[in-house]
Amino acid sequence: MDDILLQILNGLDKGGAYALIALGLTIIFGTLGVVNFAHGALFMLGAFCAVAVKSLLGFEKVALDPTKLTAWGTPVEIRTPYIEAWFGDFGAQMLNFSVPISIIIAIPVMLLIGIIMERGLIRHFYKRPHADQILVTFGLAIVLQEIVKSQFGANPIPQPAPEIAKGMVDFGAMIGLQAGGVVYPAWRLIYFLFSLFVIAAVFSFLQFTTFGMVVRAGMADRETVGLLGIDIDRRFTIVFGIAAVVAGLAGVMYTPILSPDYNMGMDFLVLSFVVVVVGGMGSLPGAVVAGFLLGIVQSFASMNEVKSIIPGIDQIIIYLIAVVVLLVRPRGLMGRKGVMEQ
Amino acid sequence: MSKFTISRRGLLKSTAIAGVGIAAPTILTSRAWGYTNEPTGGTVTFGFNVPQTGAYADEGADELRAYQLAVEHINGEGDGGMLNTFSSKALRGNGVNGKKVVFVTGDTQTKSDAARASAKRMIEKDGAVMITGGSSSGVAIAVQGLCQDAGVIFMAGLTHSNDTTGKDKRANGFRHFFNTEMSGAALGPVLEKEFGKDRVAYHLTADYTWGWSQEGSIKKYSEDLGWQTQAAVRTPLGAGDFSQYITPVLNSGADVLVLNHYGRDMVNSLTQAVQFGLRDKVVNGKDFAIVVPLYSRLMAQGAGENVKGIYGSTNWHWSLQDEGSKAFVSSFGKKYGFPPSQAAHTTYCQALLYADAAQRAGTFRPSGVGAAMEGFKFDGLGNGPTEYRAEDHQCFKDVLVVKGKENPTSKFDVLEVVEITPRAQVEYPASLLGGELGPYNDGA
Chain B
1 MDDILLQILN GLDKGGAYAL IALGLTIIFG TLGVVNFAHG ALFMLGAFCA VAVKSLLGFE
61 KVALDPTKLT AWGTPVEIRT PYIEAWFGDF GAQMLNFSVP ISIIIAIPVM LLIGIIMERG
121 LIRHFYKRPH ADQILVTFGL AIVLQEIVKS QFGANPIPQP APEIAKGMVD FGAMIGLQAG
181 GVVYPAWRLI YFLFSLFVIA AVFSFLQFTT FGMVVRAGMA DRETVGLLGI DIDRRFTIVF
241 GIAAVVAGLA GVMYTPILSP DYNMGMDFLV LSFVVVVVGG MGSLPGAVVA GFLLGIVQSF
301 ASMNEVKSII PGIDQIIIYL IAVVVLLVRP RGLMGRKGVM EQ
Chain U
343 MSKFTISRRG LLKSTAIAGV GIAAPTILTS RAWGYTNEPT GGTVTFGFNV PQTGAYADEG
403 ADELRAYQLA VEHINGEGDG GMLNTFSSKA LRGNGVNGKK VVFVTGDTQT KSDAARASAK
463 RMIEKDGAVM ITGGSSSGVA IAVQGLCQDA GVIFMAGLTH SNDTTGKDKR ANGFRHFFNT
523 EMSGAALGPV LEKEFGKDRV AYHLTADYTW GWSQEGSIKK YSEDLGWQTQ AAVRTPLGAG
583 DFSQYITPVL NSGADVLVLN HYGRDMVNSL TQAVQFGLRD KVVNGKDFAI VVPLYSRLMA
643 QGAGENVKGI YGSTNWHWSL QDEGSKAFVS SFGKKYGFPP SQAAHTTYCQ ALLYADAAQR
703 AGTFRPSGVG AAMEGFKFDG LGNGPTEYRA EDHQCFKDVL VVKGKENPTS KFDVLEVVEI
763 TPRAQVEYPA SLLGGELGPY NDGA
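So the protein sequences, as listed, match chains B and U. Residue 1 is where the first sequence starts when you use the working numbering, and the numbers rise one by one after that. Residue 343 is where the second sequence starts when you use the working numbering, and the numbers rise one by one after that.
It is possible that some hints are incorrect.
Stated by the list, open to error - With beta-carbon atoms standing in for the labels, derived distance ranges:
hint: 1; chain 1: B; residue 1: Ala92; chain 2: U; residue 2: Gly679; range: 44 to 50 Å
hint: 2; chain 1: U; residue 1: Thr382; chain 2: B; residue 2: Gly120; range: 25 to 31 Å
hint: 3; chain 1: U; residue 1: Ala573; chain 2: B; residue 2: Leu95; range: 53 to 59 Å
hint: 4; chain 1: U; residue 1: Ala573; chain 2: B; residue 2: Ile147; range: 37 to 43 Å
Stated by the list, open to error - Listed below are the simulated BS3-like cross-link pairs for lysine-lysine, each with C-alpha atoms no more than 27 Å apart in a straight line:
hint: 5; chain 1: B; residue 1: Lys61; chain 2: U; residue 2: Lys562
hint: 6; chain 1: B; residue 1: Lys68; chain 2: U; residue 2: Lys753
hint: 7; chain 1: B; residue 1: Lys166; chain 2: U; residue 2: Lys562
hint: 8; chain 1: U; residue 1: Lys650; chain 2: U; residue 2: Lys753
hint: 9; chain 1: B; residue 1: Lys68; chain 2: U; residue 2: Lys650
hint: 10; chain 1: U; residue 1: Lys677; chain 2: B; residue 2: Lys68
hint: 11; chain 1: U; residue 1: Lys677; chain 2: B; residue 2: Lys166
hint: 12; chain 1: B; residue 1: Lys149; chain 2: U; residue 2: Lys676
hint: 13; chain 1: U; residue 1: Lys562; chain 2: B; residue 2: Lys307
As the list claims (entries may be wrong) - Partner residues are not named here, just some residues of chain U that face chain B (Cβ under 10 Å, in silico):
hint: 14; residue: Gly422
hint: 15; residue: Asp622
hint: 16; residue: Lys623
hint: 17; residue: Gln643
hint: 18; residue: Glu647
hint: 19; residue: Gly651
hint: 20; residue: Glu665
hint: 21; residue: Ser667
hint: 22; residue: Lys668
hint: 23; residue: Gly675
hint: 24; residue: Phe680
Simulated from the structure, these hints should not be mistaken for lab results. From the three backbone atoms N, C-alpha and C, an ideal C-beta is built for every residue, glycine too.
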């Protein structure tokens, strides 16, 4: 029972990341009709926002100690972050909370990146075939990866969670089970809650604001909305920016779980596309449900009991589900009738 | 009319003379005299095949720095580095066999097919007489096979699988780096000393040649101690998030987690294992232990403070205080501003060892260089007295057992040497790992 609960929790935090990335992908596909293979790169750029913020906050004053020499004969460098030198303990706390602080920075940065991407490149491919869109966005993802690698190197860069969120939570005791049976990392639970919050915020924005209403109308019938005198293109540009922000936030918060490196977006991209296909192309609730569902299924498939029956199932289960869904219900779990069924 | 008669002896003589006559042009112009990319001008070309893109690009960049330094030293530039401490004095700082060393580079991308393509290009188009480098056993084995077929020497870079000098060994291939068998032999006694004989181990293993090799060696030596193996779970290469494999460990009853992962996988699985509280957990009345059999300081930096107190093994570390290591760290540090990695050390050694063997042999012919390297005993290259064993072309030397440092003084100071395991303790009979060297191929 404890093991099952642990795997469910594991699936939920993993599923949170899948759902957020898939949500952004679906928003872009639903509004602009673009298959964005650069979406994983946006997740990675979000993570590197956290790296950049930590580097900026931790910018160091370097003093040389001539009394001590390195193994190669140069004076030893004594490095102190300026922020600690200037603000003492408050500065140290700023560094400690660099990941949450990065969220505030990442929102405008990712919005800007999204808008530049859409205006500068993606919009020229709206009327082109999906194959062209895939090629150009995939190419863009590689360019973004290489830029990040040239600046930050190829090795993963550790981004610890704030001290207060580093420990474990006795989740079992919280829900009335035996203490110590289901103990789970606090940051992963925070990640799951954070993903729920962002998903709720996106849905509320689309559901309860005038802007959201126009966007939903545009998703249903772009031409008619245009005939009403609404500049739908401008709004869709902002929608692209919002999708970039969602992916970026997912990346920022994921950094204490997975040390960021330039390639991390690619790991999530393929899985997120599978999530979109299973959930239903263009269906926002479908992307969210499928994200969590596939996260949990993937976790269960990795259990030794399951692997002892079907060896290697953990590595193929997601794709197996995608194949079955495409064969049995091509429009996905919650996709609109007709989509992907021609 | 004269009668034409022929005796049996006469026939044999005539046949032998005719045979030599027919074969002479071939003997004079091919294999017996020429060999692949025999240098004819004033230079000799080495081919450095390292990952310049992909996940191991930083390690590849460090290998390339070391190779450049080695070439400088061989050609008599710079401070000479470990040439000053190397026990062999054949190299005199004027190149090799009177030829200045130049080099070309290739990008392995840590993919076997890309690595073979770049090695092929360096051999066929650039005239490389020797190929060296790499950061993966899969790549090393693939390139070693290509070099054997092409008739050039392959001096392996960072490759730790037993198979490189075991079942997949080739006459033209030589490895300075240690292997998983040696890691197991070195780690065994330290694990016993630190954690005792009554332990239950859980393995997470990268699902490819090196991972299997590493898992096998650690299981062998830990079970010899009396440890039980609870489970050995294969994980896909580059899984990213290993949490679904770590959660079953929590309540499994195991009190040791062995992470048979390298590079990015090691950084991620170790970070996540610590995140799940395994380093601070108490199971079966004992402190839970995590072991990383193959450490890379360059990669360990990526795991940050999570490496603290975690045991593993490594081929070499820049904090060693022997004269060879000090000379190399000083030379490398002065040129680049930071200490070299173990990948840099092994590749620097390989370049020097090849050059030295070619100089002693007086030729770049693979069979000549190989013969000079086989059974070669040397010292002064940072690992104590070392031998290139003739039977499998594997270097035998001391192995380092290291631990993540509790109080690092800099970002490079992440590991501390716990024990230098003497060479005698990690030696094994060549027959143990199987395979056949076969004959040298001089190519041409």
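Going down the list of hints, with the structure as the test:
no.: 1; hint: B:Ala92 <-> U:Gly679: 44 to 50 Å; in the structure: 28 Å, violated
no.: 2; hint: U:Thr382 <-> B:Gly120: 25 to 31 Å; in the structure: 53 Å, violated
no.: 3; hint: U:Ala573 <-> B:Leu95: 53 to 59 Å; in the structure: 39 Å, violated
no.: 4; hint: U:Ala573 <-> B:Ile147: 37 to 43 Å; in the structure: 42 Å, holds
no.: 5; hint: B:Lys61 <-> U:Lys562; in the structure: 50 Å, violated
no.: 6; hint: B:Lys68 <-> U:Lys753; in the structure: 17 Å, holds
no.: 7; hint: B:Lys166 <-> U:Lys562; in the structure: 35 Å, violated
no.: 8; hint: U:Lys650 <-> U:Lys753; in the structure: 13 Å, holds
no.: 9; hint: B:Lys68 <-> U:Lys650; in the structure: 25 Å, holds
no.: 10; hint: U:Lys677 <-> B:Lys68; in the structure: 19 Å, holds
no.: 11; hint: U:Lys677 <-> B:Lys166; in the structure: 39 Å, violated
no.: 12; hint: B:Lys149 <-> U:Lys676; in the structure: 25 Å, holds
no.: 13; hint: U:Lys562 <-> B:Lys307; in the structure: 24 Å, holds
no.: 14; hint: Gly422; in the structure: 15 Å, violated
no.: 15; hint: Asp622; in the structure: 9 Å, holds
no.: 16; hint: Lys623; in the structure: 9 Å, holds
no.: 17; hint: Gln643; in the structure: 7 Å, holds
no.: 18; hint: Glu647; in the structure: 7 Å, holds
no.: 19; hint: Gly651; in the structure: 16 Å, violated
no.: 20; hint: Glu665; in the structure: 13 Å, violated
no.: 21; hint: Ser667; in the structure: 9 Å, holds
no.: 22; hint: Lys668; in the structure: 7 Å, holds
no.: 23; hint: Gly675; in the structure: 2 Å, holds
no.: 24; hint: Phe680; in the structure: 8 Å, holds
Violated hints, in rising order: 1, 2, 3, 5, 7, 11, 14, 19, 20; the structure is consistent with all others.
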